[in-house]
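With chain A held as given, fit chain B with the ligands onto it using these hints.
Protein sequences appear in the order of chains A and B. According to UniProt numbering, the first sequence is numbered sequentially starting from 1. According to UniProt numbering, the second sequence is numbered sequentially starting from 1.
The hints are simulated quantities; they were obtained by calculation from the structure and are not laboratory data. Remember, predicted model here, so these are calculated numbers, not experimental data. Glycine included, each C-beta is placed from N, C-alpha and C at the ideal position. Where hints are given, some of them may not hold.
In silico lysine to any residue, SDA-like type, Cα no more than 20 Å apart, as pairs [what the hints assert, rightly or not]: (1) B/Lys-5 <-> A/Met-4; (2) B/Lys-3 <-> A/Arg-45; (3) A/Lys-27 <-> B/Tyr-4; (4) A/Lys-280 <-> A/Asn-228; (5) A/Lys-97 <-> B/Gly-124; (6) B/Lys-5 <-> A/Ala-10; (7) A/Lys-97 <-> B/Leu-116; (8) A/Lys-241 <-> A/Glu-269; (9) B/Lys-73 <-> A/Asp-51; (10) A/Lys-97 <-> B/Leu-115; (11) A/Lys-59 <-> B/Gly-71; (12) A/Lys-27 <-> A/Val-12; (13) A/Lys-27 <-> B/Lys-3; (14) B/Lys-2 <-> A/Arg-40.
Residues of chain A clear of chain B, computed beta-carbon distances all greater than 10 Å [stated by the list, open to error]: (15) Val-12; (16) Asp-153; (17) Ala-231; (18) Val-237.
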Amino acid sequence: MKDMRYIRAASVTEVTDCLKKYGDKAKILAGGQSLVPLLRQRLARPGLLIDISRVADLKFIRKTKNTLKIGALTTHRQLETDPLIREHLPILADMEKQLASVQIRNLGTLGGNLCHADPAGDVAPALMALGAKLKLISATGARTMSVENFFKDFFETAIRPDEVLAEIDIPLLPDLGHAIYIKHSSRGVDTAIIGVGTFILKDHDTDTCKEIRLCVGAVGPVPIRAKNAEAVIRGKVVTGKTIAEAGKKAREEISPVSDLQGSAEYKKELIEVFIQRALKAASSGRRK
Amino acid sequence: MKKYKLCLTVNGIDYMLEVNAGETLQDVIRDHLNLTGTKTGCDSGACGACTVLMDGMAIKSCLVLALQAEGRKILTIEGLAQDGALHPLQEAFVENWAIQCGYCTPGMILTSKALLDENPNPSGDDIRMYLSGNFCRCTGYQKIIDAVSSVRPLQGGRHGKK
Ligand SMILES: Cc1cc2nc3c(=O)[nH]c(=O)nc-3n(C[C@H](O)[C@H](O)[C@H](O)COP(=O)(O)OP(=O)(O)OC[C@H]3O[C@@H](n4cnc5c(N)ncnc54)[C@H](O)[C@@H]3O)c2cc1C
Ligand code: FES
Ligand code: FES
Numbered sequence: 001m002k003d004m005r006y007i008r009a010a011s012v013t014e015v016t017d018c019l020k021k022y023g024d025k026a027k028i029l030a031g032g033q034s035l036v037p038l039l040r041q042r043l044a045r046p047g048l049l050i051d052i053s054r055v056a057d058l059k060f061i062r063k064t065k066n067t068l069k070i071g072a073l074t075t076h077r078q079l080e081t082d083p084l085i086r087e088h089l090p091i092l093a094d095m096e097k098q099l100a101s102v103q104i105r106n107l108g109t110l111g112g113n114l115c116h117a118d119p120a121g122d123v124a125p126a127l128m129a130l131g132a133k134l135k136l137i138s139a140t141g142a143r144t145m146s147v148e149n150f151f152k153d154f155f156e157t158a159i160r161p162d163e164v165l166a167e168i169d170i171p172l173l174p175d176l177g178h179a180i181y182i183k184h185s186s187r188g189v190d191t192a193i194i195g196v197g198t199f200i201l202k203d204h205d206t207d208t209c210k211e212i213r214l215c216v217g218a219v220g221p222v223p224i225r226a227k228n229a230e231a232v233i234r235g236k237v238v239t240g241k242t243i244a245e246a247g248k249k250a251r252e253e254i255s256p257v258s259d260l261q262g263s264a265e266y267k268k269e270l271i272e273v274f275i276q277r278a279l280k281a282a283s284s285g286r287r288k
Numbered sequence: 001m002k003k004y005k006l007c008l009t010v011n012g013i014d015y016m017l018e019v020n021a022g023e024t025l026q027d028v029i030r031d032h033l034n035l036t037g038t039k040t041g042c043d044s045g046a047c048g049a050c051t052v053l054m055d056g057m058a059i060k061s062c063l064v065l066a067l068q069a070e071g072r073k074i075l076t077i078e079g080l081a082q083d084g085a086l087h088p089l090q091e092a093f094v095e096n097w098a099i100q101c102g103y104c105t106p107g108m109i110l111t112s113k114a115l116l117d118e119n120p121n122p123s124g125d126d127i128r129m130y131l132s133g134n135f136c137r138c139t140g141y142q143k144i145i146d147a148v149s150s151v152r153p154l155q156g157g158r159h160g161k162k
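Extracted from the complex, chain A is given alone in its bound form (with noise of 0.2 Å):
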C-alpha cells in the first residue's frame, strides 16, 4: 500500500485503457466501501487504483421498452429512492433498504457490489431472480453474461482483469409477473445469514406457475438457485402443499457452509423456512 498509486478516470476509455496497460496490478475503486477496508487490513495490495467514481457515462437508471438499463456506478441509495426503480422493480428498492447502513448506501455502488462478490451479498440473489444481465467493457470490445454465471467463488467473478463493469440490464416484469426479495440478519445493519430472491410468473387463465426463480444468498461460496424446489413449483397451482413441499426439497439440495453470521445447521433450517416465506410472499397475487 505504500507505494500504491492513483489514477481518477475521466471516461470508459480512459479506465480500459489503463485496465490493459496495468492488468492485474491495477485494481478499480469505485464506492470504496468494500475496497477500503481490504486496502486497510492489507487484503488487497494493487500497485495502482482507478478511480472511476466520477466517470460519468456510468451512472444513469435508463427505461426501454422492455428493460431497466442500469449504471454500474449507481448508488445503493440511489436504487433505493429512484422513482423508476420503485415502479417498475420495488424488489430492488427493497433489497436496498435492507442493505448495510445508510452511510454505506450513499456511496457504494451496485457495480461495486456485484464484483465485489461476497456470497453474502443482497444485489445478487434478487438480481439473479430478475433474470439480468451484466455488460463488462475492456479496450478491446464488449460482451455479455447474465449475473447467474458471473460469480465463480468466495469474492470470486468471472470479469478479466482488463474488464470493467459498465452496466447492468434488467428485464421488466411480465404483467403477473412478481419479484420480492427477502433477508435474514442479527440486525438490520448486518449481512445476511440468507437471502432470497424470488421471481413467479402465473398463468392468467389457470393461475399455474408458468417461470419460478429462487436465488438463494448467503449459503456457499456463490448465490445459488434451487432448482428442485423450482420443479416443484414449476406448472403448478401454488398452495400450502407445493410450498411446504418445495422447502423441503431446497432443504435436500442446498448444502449451507458456516460463516460468521450462522452455522451450516442453522441455514440448513433457515433454507426450508424462508423459501416457503418467499413462496408465499411471491405467490399472494400483489402485481410485482
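Okay, now just chain B with the ligands, sitting in the frame of chain A:
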C-alpha cells in the same frame, strides 16, 4: 512514496494538502487537520463513529480514501455550531441526556443532521432506521431518539426545538 495534491473544503475552509493514495478521509480530518471530534471506532465501516457529511450526505470517513473527497465539501462536528451557538441538534442532545461517554455523539449528530435535511419530520422508526449504522456502546439509544425527535422544522427550512 508518491504524494498527491488534494483540495477540499472542511467546515467552510478550503484546504490544499498532500496525501498518500492509501490515506483515508478520516486520516486527513484527524491527523492532517487535527479535527479530532471525528472519532475512530472500528476502522471498518461498522460503528459510524467516524461519520461526517460529504456534500451534505452522511458517509463513514474510514471507508473513503482522501483522494475520493477531491473538491468535496466536508462538514465535521466542529463545523456545526455557528458563531458560538450550538446547532439545535446539539442542544437537543444535551437537554435530553443523549450523551453518556460521548464517543458516538459526533457521528450520531451528523447522521441525524443528514436525516433532518432530507426528511424534516421523521417518525421514531425513520430515526431508528437512519441511525442503524451508528452504534452507541453506552446504549443510550432511546435518549438519542428522543433528542432527534425533539428537533422540528422552523420557518425558513431551519430546525429548532419543538
Ligand atoms: C459495514 C459494511 C456492511 C455491509 N453490509 C452489506 C450488506 O448488508 N449487504 C451487501 O450486499 N453488502 C454489504 N456491504 C458491502 C457493500 O454494500 C458493497 O460491497 C459495496 O457497496 C461495494 O461497492 P463499492 O462501489 O463501494 O465498491 P468498491 O469497494 O469500490 O469495490 C469493490 C470491488 O469491486 C471492484 N469494482 C468496483 N466497481 C467495479 C466495476 N464497475 N467494474 C469492475 N470492478 C469493479 C473493485 O475493484 C473491488 O474489487 C457492507 C459493507 C460494509 C463496509
Ligand atoms: S470507524 Fe468508521 S465506521 Fe467505525
Ligand atoms: S454515549 Fe458512549 S458510545 Fe454512545
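Going through the hints against the structure:
Among the hinted pairs, B/Lys-5 with A/Met-4 is consistent with the structure: their alpha-carbon atoms are about 15 Å apart, no more than 20 Å. Distance check on the hinted pair: B/Lys-3 and A/Arg-45 sit about 17 Å apart at the alpha-carbon level, within 20 Å; holds. Among the hinted pairs, A/Lys-27 with B/Tyr-4 is consistent with the structure: their alpha-carbon atoms are about 18 Å apart, no more than 20 Å. Taking the CA atoms of A/Lys-280 and A/Asn-228, the gap is about 17 Å. The hint holds against a cut of 20 Å.
With a CA separation close to 17 Å, the supplied pair A/Lys-97 and B/Gly-124 stays within the 20 Å bound. A distance of roughly 17 Å separates the Cα atoms of B/Lys-5 and A/Ala-10; the hinted pair therefore holds under the 20 Å criterion. This hinted pair checks out: A/Lys-97 and B/Leu-116 have alpha carbons roughly 18 Å apart, not beyond 20 Å. Annotation: proposed proximity of A/Lys-241 to A/Glu-269 holds, straight-line Cα distance about 18 Å (limit 20 Å).
At roughly 19 Å between alpha-carbon atoms, B/Lys-73 and A/Asp-51 fall within 20 Å of each other, so this suggested pair holds. The straight-line distance between the Cα atoms of A/Lys-97 and B/Leu-115 is roughly 15 Å, inside the 20 Å bound, and the hint therefore holds. Under the criterion of a C-alpha separation no larger than 20 Å, the hint pairing A/Lys-59 with B/Gly-71 is consistent with the structure, at around 19 Å. The suggested pairing of A/Lys-27 with A/Val-12 holds, with an alpha-carbon distance near 15 Å, which does not exceed 20 Å.
About 19 Å separates the Cα atoms of A/Lys-27 and B/Lys-3, which keeps this hinted pair within 20 Å; it holds. For the hint pairing B/Lys-2 with A/Arg-40, the CA-to-CA distance comes to about 18 Å; that is within 20 Å, so the pair holds. With a least beta-carbon separation of about 19 Å from chain B, A/Val-12 lies farther than 10 Å from that chain, consistent with its non-interface assignment. Taking the minimum C-beta to C-beta distance to chain B, about 23 Å, the non-interface status of A/Asp-153 holds against the 10 Å cut.
With a minimum CB-CB distance of about 38 Å to chain B, A/Ala-231 clears the 10 Å threshold, and the non-interface call stands. Interface exclusion of A/Val-237 from chain B stands, the closest Cβ pair being 37 Å apart, more than 10 Å.
Consistency note: the structure conflicts with none of the earlier hints.
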